[in-house]
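Student: Once you've looked at the hints, dock chain B against the given chain A.
Protein chains: 2
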Amino acid sequence: MSKESTVKTLTSIGRDVMDAILEGEFPSLHFPDRSTDNIVYDGVTNQFVLGDSSTTRDSSNLRHVRSFAQLIWVAYFAKKLTSAQRTSSLRDLYYSSEAYGVKFSNQAESDRIVTDLETLTGLARENFGIFPEERSSIFGDVRMRYTVSGYENQEVCLTASPDGFPIGRALMTAKPVDASAEIILAIESGGMFSRLIETGAWKRYQAVLIHLGGQPPRATRSLMRRLREELELPIFIFTDGDPWGMHIARVIIGGSANSAHLRGLAVPDAEWIGVTPSDIVNHSLPTEPMNNADLKRLDELLHDVRYAGPVWQDYIKAFRELRSKAEQQAFSRHGMDYVVDTYLKEKLP
Amino acid sequence: MSKESTVKTLTSIGRDVMDAILEGEFPSLHFPDRSTDNIVYDGVTNQFVLGDSSTTRDSSNLRHVRSFAQLIWVAYFAKKLTSAQRTSSLRDLYYSSEAYGVKFSNQAESDRIVTDLETLTGLARENFGIFPEERSSIFGDVRMRYTVSGYENQEVCLTASPDGFPIGRALMTAKPVDASAEIILAIESGGMFSRLIETGAWKRYQAVLIHLGGQPPRATRSLMRRLREELELPIFIFTDGDPWGMHIARVIIGGSANSAHLRGLAVPDAEWIGVTPSDIVNHSLPTEPMNNADLKRLDELLHDVRYAGPVWQDYIKAFRELRSKAEQQAFSRHGMDYVVDTYLKEKLP
Chain A
1 MSKESTVKTL TSIGRDVMDA ILEGEFPSLH FPDRSTDNIV YDGVTNQFVL GDSSTTRDSS
61 NLRHVRSFAQ LIWVAYFAKK LTSAQRTSSL RDLYYSSEAY GVKFSNQAES DRIVTDLETL
121 TGLARENFGI FPEERSSIFG DVRMRYTVSG YENQEVCLTA SPDGFPIGRA LMTAKPVDAS
181 AEIILAIESG GMFSRLIETG AWKRYQAVLI HLGGQPPRAT RSLMRRLREE LELPIFIFTD
241 GDPWGMHIAR VIIGGSANSA HLRGLAVPDA EWIGVTPSDI VNHSLPTEPM NNADLKRLDE
301 LLHDVRYAGP VWQDYIKAFR ELRSKAEQQA FSRHGMDYVV DTYLKEKLP
Chain B
1 MSKESTVKTL TSIGRDVMDA ILEGEFPSLH FPDRSTDNIV YDGVTNQFVL GDSSTTRDSS
61 NLRHVRSFAQ LIWVAYFAKK LTSAQRTSSL RDLYYSSEAY GVKFSNQAES DRIVTDLETL
121 TGLARENFGI FPEERSSIFG DVRMRYTVSG YENQEVCLTA SPDGFPIGRA LMTAKPVDAS
181 AEIILAIESG GMFSRLIETG AWKRYQAVLI HLGGQPPRAT RSLMRRLREE LELPIFIFTD
241 GDPWGMHIAR VIIGGSANSA HLRGLAVPDA EWIGVTPSDI VNHSLPTEPM NNADLKRLDE
301 LLHDVRYAGP VWQDYIKAFR ELRSKAEQQA FSRHGMDYVV DTYLKEKLP
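These protein sequences, in sequence, are chains A and B.
For the first sequence, my numbering gives the first residue as 1, with consecutive numbering after it.
For the second sequence, my numbering gives the first residue as 1, with consecutive numbering after it.
In short, the hints are calculated from the structure, not lab data.
From the three backbone atoms N, C-alpha and C, an ideal C-beta is built for every residue, glycine too.
Check each hint, because a few of them may be wrong.
Here are the simulated SDA-like cross-link-like pairs (lysine to any residue), alpha carbons at most 25 Å apart as the crow flies [claimed, not checked]:
1) B:K296 with B:W244
2) A:K203 with B:R86
3) B:K103 with A:S324
4) A:K79 with B:T56
If you want the footprint, here are the derived chain A segments under chain B, 3+ residues with CB under 8 Å [what the hints assert, rightly or not]:
5) 168-178
6) 194-208
Chain A on its own, in the form it takes in the complex (with noise of 0.2 Å):
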């Protein structure tokens, strides 16, 4: 979302708000509900998406007056972070609002609000400039056009910084000009993704890396969804061999219930390559036993329905039997270059 439609956004809140006063009347602001009652799963986009129930702040209502007033502060200060293209973390958010004597019990509830501004606009937070603190990284042969101030219109290729790009605001903001690239390769963790770029793995497969580091950061997922639309790039995502590298991959791929009230996240044609339960077995991969905690997981899964396909109900019925799991580092064991020559090598394009 560009700088201009993100204001453009926040004001016409801003004006319904005045019109209503300016005819008399008390303002009201209405959005989707976003209580585990209202998320629904779409079967066609296979996304969670909210249902049709919606929550009403109306400032008429005493009950309602805070959270209205502490709303509108929000949207203000969004409003001012992305006009002059600034950046602020959540924790800093709820700060900053002392300096303008809005008052929030905790830092819980100015995240909250956040949330609501999110539901109320269907932007995600970093459209405003509100960010996490952890960051993700980005490496390949793909160049982009920064729209951040100071930097207008400079081209870089995301090659140019050997140990990767991180992806802030900057980069989020920053448009997909072409790519020599053909693919994207998002990888769980830190070490694999320095090792494809050493190897110059990253030249042999024409492949963008990014390092995801767990669930990525949604700036990292909207990039992602970017190059996909934009540059027409397939992704592939290797992850730990685990419930939980597995669901990096499916809330990429689907988008979760905590994100149920944002579009443009999902890339629903992104694909898992691994490492899957036959990985580990066909590659003879060293294994530790699986935890409750992985085992449990496992069963949650088994029933949520974004893994209702056959294809995932496979995977995880042959975790099940399996009871053991890999990390995408056990790979060495059979050397340094096995991952490259061997296993990317059979996994992609």
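Tutor: Showing chain B alone in chain A's frame:
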């Protein structure tokens, strides 16, 4: 340490072992003892160092054979990584050992042998390409010349990526060429790091910014030290106002017991600018009460040799009286620009 001297150091270990074998003797290795009894505080350099007691790994001693062989393999693997300019995580090294039929009971054992190699050579494992997962970031007007494969002699200005550059293998082995920046400002939180980039504070204070993210990886400490020495940039450290933030600064300045076997990491003339206890009072920062862990930590630091000087003792006593703490972000209560326009103006040259 350059690739060439690192390889030379490792080669000479192998040569000594070979020489002993060719002379019909059992080879042995000698290095300083790392046990707590032998870690001493050097009041002259204000650093932890190892004392005179030493350890022997004697291949003629049955109880030493296993760890002797493991150490030789780790040195071999380190040389292989260094020569090929490749990197490995500690986890990956553990798995790689299986490819060579070398046995470690678990990763804790292989980690310990890596530390043995550090002690034997006096070099941090990052010199051998063995990195942790965490990365710090850097941004500012300093030119670096890469040495990693594929990037030899390419220069990069560390303002080229507005989200910052991760400090990995490539930057760690790059040579500082020149800088128009005049100071280094190391910052605990990612939010503050982004803010100082976006607001142009880096230009105003002619600062190279480093995002520490808690206790920084040793690659980051080593880069700070080299920028201090080779470009003569003084270092200022800006952390949260609590015992943990203060200790991040203290470790950068004087090292830790865990790295007592290493040289080239400490920056004795770096300065902690805050958030100090008096900053909390003078800037009326919103605070949180210290919890038991905070107070216990203060008691420990009070008797820690590194805090023996009057300045540090005063900080600890003031924190104990205050019994509260404040984060870097807390300055936002006075508006988003207060930290740059008022606080840093007061603290930086």
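Student: Evaluate each hint against the coordinates.
Tutor: Comparing the hints with the structure gives:
Distance restraint check for K296 (chain B) and W244 (chain B): the Cα-Cα separation of roughly 11 Å lies within the 25 Å cut-off, and the hinted pair is therefore satisfied. Using a Cα cut-off of 25 Å, the hinted pair K203 (chain A) and R86 (chain B) holds, with the two alpha carbons roughly 16 Å apart. With a CA separation close to 21 Å, the supplied pair K103 (chain B) and S324 (chain A) stays within the 25 Å bound. For the given pair, K79 (chain A) sits about 65 Å from T56 (chain B) by alpha-carbon distance, which is inconsistent with the 25 Å threshold.
Coverage of a stretch by a chain is defined here by at least three residues with a beta carbon nearer than 8 Å to that chain's beta carbons; for the stretch 168-178 of chain A and chain B the count is 4, and the condition holds. Check on the stretch 194-208 of chain A: 5 of its residues sit with their Cβ under 8 Å from a Cβ of chain B, so the three-residue criterion for coverage holds.
Violated hints amount to a single one, hint 4; each of the other numbered hints is respected by the structure.
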